[in-house]
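If you follow the hints, you should be able to join the two separate chains into one complex; please do so.
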Amino acid sequence: MAAASSPVRGKTAPGKAQNAPSNGASFSTEEELAALRTMLLIRRFEEKAGQMYGMGLIGGFCHLYIGQEAVVTGVRMAAVEGDQTIASYRDHGHMLACGMDPKSVMAELTGRKSGASKGKGGSMHMFSKAANFYGGHGIVGAQVPLGSGLAFANLYRGNGKICFTYLGDGAANQGQVYESFNMAELWKLPVVYIIENNRYAMGTSVSRSSALTDFSKRGQSFNIPGEQVDGMDVRAVKAAAGRAAEWCRGGKGPIILEMQTYRYRGHSMSDPAKYRSKDEVQKMREEHDPIEQVRARLLANKQASEDDLKKIDAEVRAIVAEAAEFAPHEPEPEPAELWTDVLA
Amino acid sequence: MATNILMPALSPTMEQGRLAKWLKKEGDAVRSGDVIAEIETDKATMEVEAIDDGTLAKILVPDGTDNVAVNTPIAVIAAEGEDAGSVKAPAAATPARGGANGGEAPVARAETAPTPPPVSTAVINEPAKDLRAKDLPPEIPEGTAMVTQSVREALRDAMAEEMRRDGSVFVIGEEVAEYEGAYKVTQGLLQEFGPHRVVDTPITEHGFAGLGIGAAFAGLRPIVEFMTFNFAMQAMDQIINSAAKTRYMSGGQMECPIVFRGPNGAAARVAAQHSQDYAAWYSHIPGLKVVVPYTAADAKGLLKSAIRDPNPVIFLENEILYGHKFEVPKLEDFLVPIGKARIARAGKDVTIVSFGIGMVYALKAAEELEHEGVSAEVVDLRTIRPMDSATIIQSVKKTGHCVTVEEGWPQSGVSAEIIAKIMEEAFDYLDAPVVRICGKDVPMPYAANLEKLALPNAEEVVAAAKAVLYR
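One line per chain: the protein sequences are A and B, in this order.
Mapping of the first sequence onto the working numbering: position 319 corresponds to residue 319, and the numbering continues sequentially without gaps.
Mapping of the second sequence onto the working numbering: position 243 corresponds to residue 1243, and the numbering continues sequentially without gaps.
Treat the hints with care, as some may be off.
Covered stretches of chain B (in silico footprint by chain A; criterion: 3 or more residues with CB under 8 Å from a CB of chain A, positions within the stretch not fixed) [what the hints assert, rightly or not]:
# : region
1 : 1142-1153
2 : 1200-1207
3 : 1210-1219
4 : 1229-1242
5 : 1249-1256
No lab work stands behind these hints, which were simulated from the structure alone.
For every residue, glycine included, the Cβ atom is placed at its ideal position computed from N, Cα and C.
Isolated chain B (complex conformation) (with noise of 0.2 Å):
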């Protein structure tokens, strides 16, 4: 009986990786648990191990294919006294669909038809559209080149140009250096800038969440990384008590220029501890300011604001997103304003706001509901705090109708707050009430189709437009 070897994944959020080298030609004998492949990807390499004795039959995806999608067939293993030569190969391994642009696209999964992809890779399968040339926001001077960058290189490349700007800057966190970060956000740092700015600490969250705050206190600009921020809740008395509100108590004296950074949100089927969005949570805090970035040009130019600025800043990524690819200006100093929401898709009909992921579901929406003669006006907000309430209130002024879209709760979330906004500054405006989309108030389920459940997604954004629109 054949055995198939089948891409593996490398995370519970990895959709596809490049096949990089056979370590064994067809016809070679393998033992179970031999390395006979390696594959990458851009966060990490694995070491493919054979699951049964036997012979290599047949290569099915040769050396140095890009985009194979987790659980395509790579390879066939004939079982001992099997005929290799006559071992038929299961189904063609198709690499996925899209270069460049369309880094996370679907593909067919072939060993596993019968369950339904999580919802997460589901709606973010679309390739980016964002940030065509006629969208681009105004920091971004016409005529600019633009270079191709998932948002996880962005960030690193903001980090590593403001490092080589001032040398007050240091990163600190778990895995930061020489593990290249845990989701290889801080690839390549410790090499250029040394141990002594690329701190490895213990897995000691309030600790040094309070050391990175002294240190700002002294005058340096620490960007401490979570590995996620659910972690960060460890450190949350620190980040609130000591760095957002030193400086008020100071009457002004002191000084807290750092950053928290890391993934924030779901990821995929990691269930209620490791799912969860806190962008409502610190957007709560005077002294803070929350920054939550969606394509890879933002998420650069707000780092680097980030940075510079002279307050706290919690910087909320998205595990999911730091794969995916968009147009990044290529300037020598590009940066973002905190603040400043985007108009990411202009519109007149209904206005959908959103940021982090939550934009993938209003794009897609949007979308979809112009095939159905809607046009949305679709806001990335970027920041949170402080909310650029002004460009929600002048697009609401101009469709008269609005949705909201994130994946945080319901309860005081981020969309409680701006339908409160809408309504002391555009109440009489609107011509229905706003509706918010967002993720379920339970704690996020582990089975695939109950977190699918749980997450917002396109449709519901549609329904809801809909609903505002009486359509």
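Bound conformation, chain A alone (with noise of 0.2 Å):
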């Protein structure tokens, strides 16, 4: 019942938000330039990031954003101050969107002791109270019974706060997140679980990995109700999560965003993506690439010009450079660091 008088139902095809046309979901040309600078932002520094590891200068595990800015970018755009975001590994990109310092980021992976987490907690663990980013979670679907909980706080405390928590198209195959939507149902705890499909959960397509495919369904069983959105579109994305916001802060609990988007680069630097054809990354980067719709639509109503994008994508790079300047050349964590942080 939940799930059919769900406001948010039906507003785009399911099945075809690739090609649906994203409807209701217009922007000013403010909001294109920020989607922009966002994106932008999120883009270099993951092109960046990885050149950087390339050079042995970011260790571990590295796991690059680069074809889904638009998920995480949009989605803020329909938050307020104080709201949650949590995610998974793949998590520089929602850390700079949240408005964490990029300087910040790259010097974790670079694992320096002006990082995020002080060279502790590398890629995949990177925390920022100030910008209420809870991580950061490298165990595949554990961060979706912690949002939920940072969800369950702000019912406790009545703070009209709603909590995103972020995972893949591989998490939600993870028991733990079934456990989550049952008691954010029970309890209409106020998260907006969004569900990252990128098409593979490292070398699996959702097709040998999921029984049921389209992923905004996933919380029919609790009732809870879901939408498939183009995660390409920056529009789209704000547009749906701003629905999402607004039943959530209405006190109706938990909804589900199935994003549909994709990543051009493999699960992590290691990965050579030999699961997929080249031809398939390269019609999505040609055809729904989430900046490049967006810098046409400007340029196509004159909302801005080359010079102006040219302008933006200058001071995005700066920004960049500077951060991948500045993390390799901080210290290292003082040794006596090895044994702080561990209890209170």
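Here is the structure:
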């Protein structure tokens, strides 16, 4: 019943979201430019992180967000001050979109003392209380009960805030996700579950891993409504996130947004991505790139000139270059830091 | 043929209960399935049904009798046509010995004499002699008035006091609210604090453990009850990867002030999947504190400290100890510091180190050793992580001999850690190698005799103490 009464059901055609028009979702010039800046920052930052990984400046696992930028960018545009964000290990974009300093994120990637986690967390484990960003979690699906708990705290305090909890199509098959769905609906927790369906859980395509590939329906047995969204169109993302946030803030409980998106790079730096064709990737880049869509609209609607866009690009590149210059030259953590922060 | 109605057991660990009320009187006709009486323990109430058609010929245990042992005949039903007046009582119904202090006193099992009682009941049947005035730990000021309380009541009071003190403290778990706790530890909390702060969950350990941790990240202070720690295995990833490590991984930014509590270790006759001591498991993990109280006073004072602690605390209780009664100080705000052991009994010849229910074996052994002229010092660790090795080392330096006692398995166990610490810090003071008395290295068997063999007992501890003393 709850699913049927959801205000967001049927706003986009299920299963056809990739080609669906982003109805009900238009942006002002300011919104287009803001989205462009954030997405560009994430894109350039991730490209730089990839290069630095290749140079041996970043170690361990490193999961890039390139291709998926519209998801977190659009969702953040619908958030208000105090709303929380929690994500998986593919988290660099989320931190930048939440307003964390690119220098502190890059310095964490290079394992330096000025990193967001003082060099102790790395790519997958970064946090910022100031930015209401609750991690960066390395165990697939673990952030889902945690995000539900953040929402529980919001409800407990009656503060009207909501928690945006991100998970991938791979995590969507973890048991604890459904334990969370059940409790969230039972207690009407203010949580938006954002399933970033980038089509591959590491090397396993959705069709090879999921009995029900429409992830927006994964809450049906708990009466949690859901919506499939064109996750490559930042306007559609923001509109859907806005409806979802309104649903949550209205005390109606959790809601699921399946963001249909695509990662251009491998699962992690060490993944050659042989499980899909180059053509498939090329087609997504050429026809659906979230950043190119905004650029094209800005130019076509004469909301910005080529020069304006070049200027934005240069500004973003400067921010990323500064972070990339800063991060490898910062000192490593003091040896004494080995023993701190274990207990309060 | 007359049929005896026996005092039933409400749980595997129940040994006695109160015959609250007879609903039929002598001479009444009863049919099989009729409810004839109500019985209670501090944990639960239950109706007693007639098991045969006939006449309630004799009531052997009157209304309001306390401490009626399980399997004691409480009434006799005369068969139809039988003369109710001529029916004889099978044996005198004896209320269990011991009152407030001997909560779990031994009783004759009239109908089951040939069956050996399960070891855990056999061993814990000593009345608690702990916390005599002279043994008071330093956190209890001299002259403090004491009140006799079960461990169960002490735990509940600790939670209630902390919930009154701090609005961010809440209890969450299976059956904690309306049912008042599967083991009745959260009795009365829903009534006082309401469903907002006493939250019943679905059966979903991994989920609610993670949800509690998320709430703690946001600054609340959850008390997460596991119905037993056996079920917390489902939540192990969240406890270790999320609760224990996030402060470190965030460079100290994130806090996780959470308590995971519930019964741990063997109960009685519940076999391998429900009888396991997790003290060693959790004590392996940096970022966790691990507390295992034995007395009611420690249960109360340590739980209050755990709730106020800014770190995740694993608080391991014991089902068998829930009903044990001890003296608890009557103080407005009684706190026991985490990480401090307690000398439960002073001695000079041999140190016995234990914790939790292992203390039952340790103290009993110390008493028996005293009869044999051996003065044993018993150290109750109370906290397993951080371990108060200073107190252990100090005692071992004094006695030169040491035995450790735990119900957990030997390999990589708490005893193994204690022994390593003694070797590192007091090797030259030892007059003999340390001996550990642990649970046997097998899954817990169901059969009563095998279960008894699998658990430690006081005799083993006595023998070990004599062995290290070369007696």
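Comparing the hints with the structure gives:
Here the region 1142-1153 of chain B counts 0 residues with a CB under 8 Å from a CB of chain A, which misses the bar of 3, and the coverage is violated. Under a criterion of three residues with beta carbons nearer than 8 Å to beta carbons of chain A, the stated coverage of the region 1200-1207 of chain B is upheld, 5 such residues being counted. Check result for the region 1210-1219 of chain B against chain A: holds, 10 residues qualifying (beta carbon to beta carbon below 8 Å, three or more required). Counting residues of the region 1229-1242 of chain B whose CB lies closer than 8 Å to any CB of chain A gives 4, so the stated coverage by that chain holds, three being the minimum.
Three residues within the 8 Å Cβ limit are the bar, and the region 1249-1256 of chain B against chain A gives 7, so the coverage statement holds.
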